[in-house]
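Participant: Construct all of the structure, not just a fragment, from the sequences and the given hints.
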Amino acid sequence: MQKLISLLLICFFLYIERIYASVRTIHQHVPKVMLLSLDGFRYDYFDMAEKRSVNMSAFEKIKNRGIYVKRIQNEFPTLTFPSHFSMVTGMHPESHGIVDNVFYDPTINATFSSKNQSTASDSRFYDVGAEPIWVTNQFDGHKSGVAFWIGSEAKIKGQRPTHYLAPYNENITFNQRIDILMGWFEHENINLGLMYYHQPDKAGHIYGAASDEVFKAIEEINHGLDYLLTSIENRPSLSCCLNLILTSDHGMTNVSSNRVIYLHDYINPNEYTSAPKKSAEIWTLWPRQDRHFRLNVYLKEELPTRLFYGSSDRVGPVVVYADIGWTIIADRNSGVTLKNKGSHGYDQDYKDMSPFLMAMGPQISKKQTTELQETIRMIDIYSLICLILKLKPAPNNGSVCRVAPLVIHVSSFSNYTVIISSYLYHSTQFLMMHYDVIEAYNTNLLMDDKRNLSSKLKSILLNKILFQTI
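Be aware that the sequence shown starts at 12, since it is given in my numbering, and climbs by one per residue.
These are calculated hints, taken from the structure and not from any lab test.
Among the hints, erroneous ones may be present.
[To be verified] DSS-like, lysine-lysine: derived pairs with alpha carbons at most 25 Å apart: (1) 352 with 227; (2) 377 with 81; (3) 213 with 227.
Facilitator: Spelled out as structure tokens, the structure:
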């Protein structure tokens with residue numbers, strides 16, 4: 012009886028809110044969203060750029076016209092492919108399946124690699140339940156345009172973006188990508204556009220996390236953003252309805268040849284198999300039959316729960332990851348040398364791994380949201396876009412409650428509905444499929460646990476953390 016009353020109350024508030032929303036939206040322009048990701052843009056680069064007198068005028072315009080969340084919580088591992096797919100699905104890597112830039116899937120007996128075009132666009136790796144925002148948008152009858160976003164080449168739930176660029180071409184400049192997106196908005200009537208850009212990540216890897224080359228790349232991006240803002244202002248049909256979201260996938264830190272862990276110093280290479288790597292910050296290992304480790308590592312079911320990483324079949328039974336600034340190299344004779352290059356992929360709680368979030372537009376609050384620092388997660392961006400575009404979200408791990416304060420056209424009725432709905436149905440099993448309810452309920456959608464490591468292997472591994480022996 013209590014559950015029935017609760018359902019009736021929710022239906023009542025939804026009905027009232029629907030009426031309120033329909034009145035509110037009369038004569039308003041249909042909202043549009045452009046999501047831009049700058050690879051490897053660390054959260055504190057803004058402070059560092061100011062000290063170096065780097066021209067950040069376009070970034071400042073966006074900050075002053077909308078919201079700026081200095082540091083958002085990203086996903087583990089802090090790598091490009093898992094992070095970008097989390098951003099557009101609202102799911103943890105263990106849920107959406109892209110668990111690394113390189114990984115092995117035992118179900119299909121195939122290895123995914125971000126550098127292999129055939130696997131990077133293979134639907135078998137992406138279409139395992141997660142729903143990217145462009146699919147959600149198109150299921151609602153709209154059009155999407157995607158410029159070089161992870162997963163956009165693969166058919167997911169029978170859909171590819173209405174318009175997309177592929178394969179990735181680094182030679183297409185920032186401004187050229189903007190022109191393509193603006194053309195789709197203006198002439199192809201898309202309401203959702205996504206764009207990925209590889210800087211300052213590339214400069215950070217080659218020259219180091221805080222190198223002059225990184226800030227040269229950032230200054231060039233600033234010029235590109237100024238070009239974008241001018242392009243929007245010169246198009247009244249877009250400036251009245253286009254909401255810009257600017258973010259990054261992860262940060263960057265320095266690594267050096269003095270901080271290297273050689274995996275084969277601790278384990279015989281004949282005792283495991285792994286997705287092919289020579290150097291990485293995280294390794295997942297597959298024990299060979301009748302072999303045992305002498306290496307101190309995590310069983311994946313014993314990983315810290317805050318990582319949201321251990322439940323995927325694509326994560327090996329054993330997970331080894333380095334402390335920040337350290338690199339794991341397979342063998343001393345692998346030919347890999349490190350010379351103060353930058354890297355990422357580490358635990359997301361390290362601040363150097365953190366990205367940022369900016370947004371501006373007709374639906375974006377003009378408040379400075381310093382109180383939201385570190386409370387907004389990367390997986391909430393999917394819900395933020397759904398809220399702005401009034402889409403019904405697919406099940407996800409994020410929460411619209413965390414990003415609702417960023418949107419100005421969320422009525423007080425909507426906020427009350429969130430509170431009541433969350434109170435009555437605080438359950439991971441219940442997902443309210445109504446855009447104004449704005450609650451994602453952190454649906455886990457975790458894969459069934461099919462991993463049964465032997466008790467003998469477990470006992471061998473339960474000694475001490477690998478890096479305590481170094």
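Participant: Each hint: holds or not?
Facilitator: Structure-based check of each hint:
no. : hint         : in the structure
1   : 352 with 227 : holds (16 Å)
2   : 377 with 81  : holds (15 Å)
3   : 213 with 227 : holds (12 Å)
Of the numbered hints given earlier, the model fails none.
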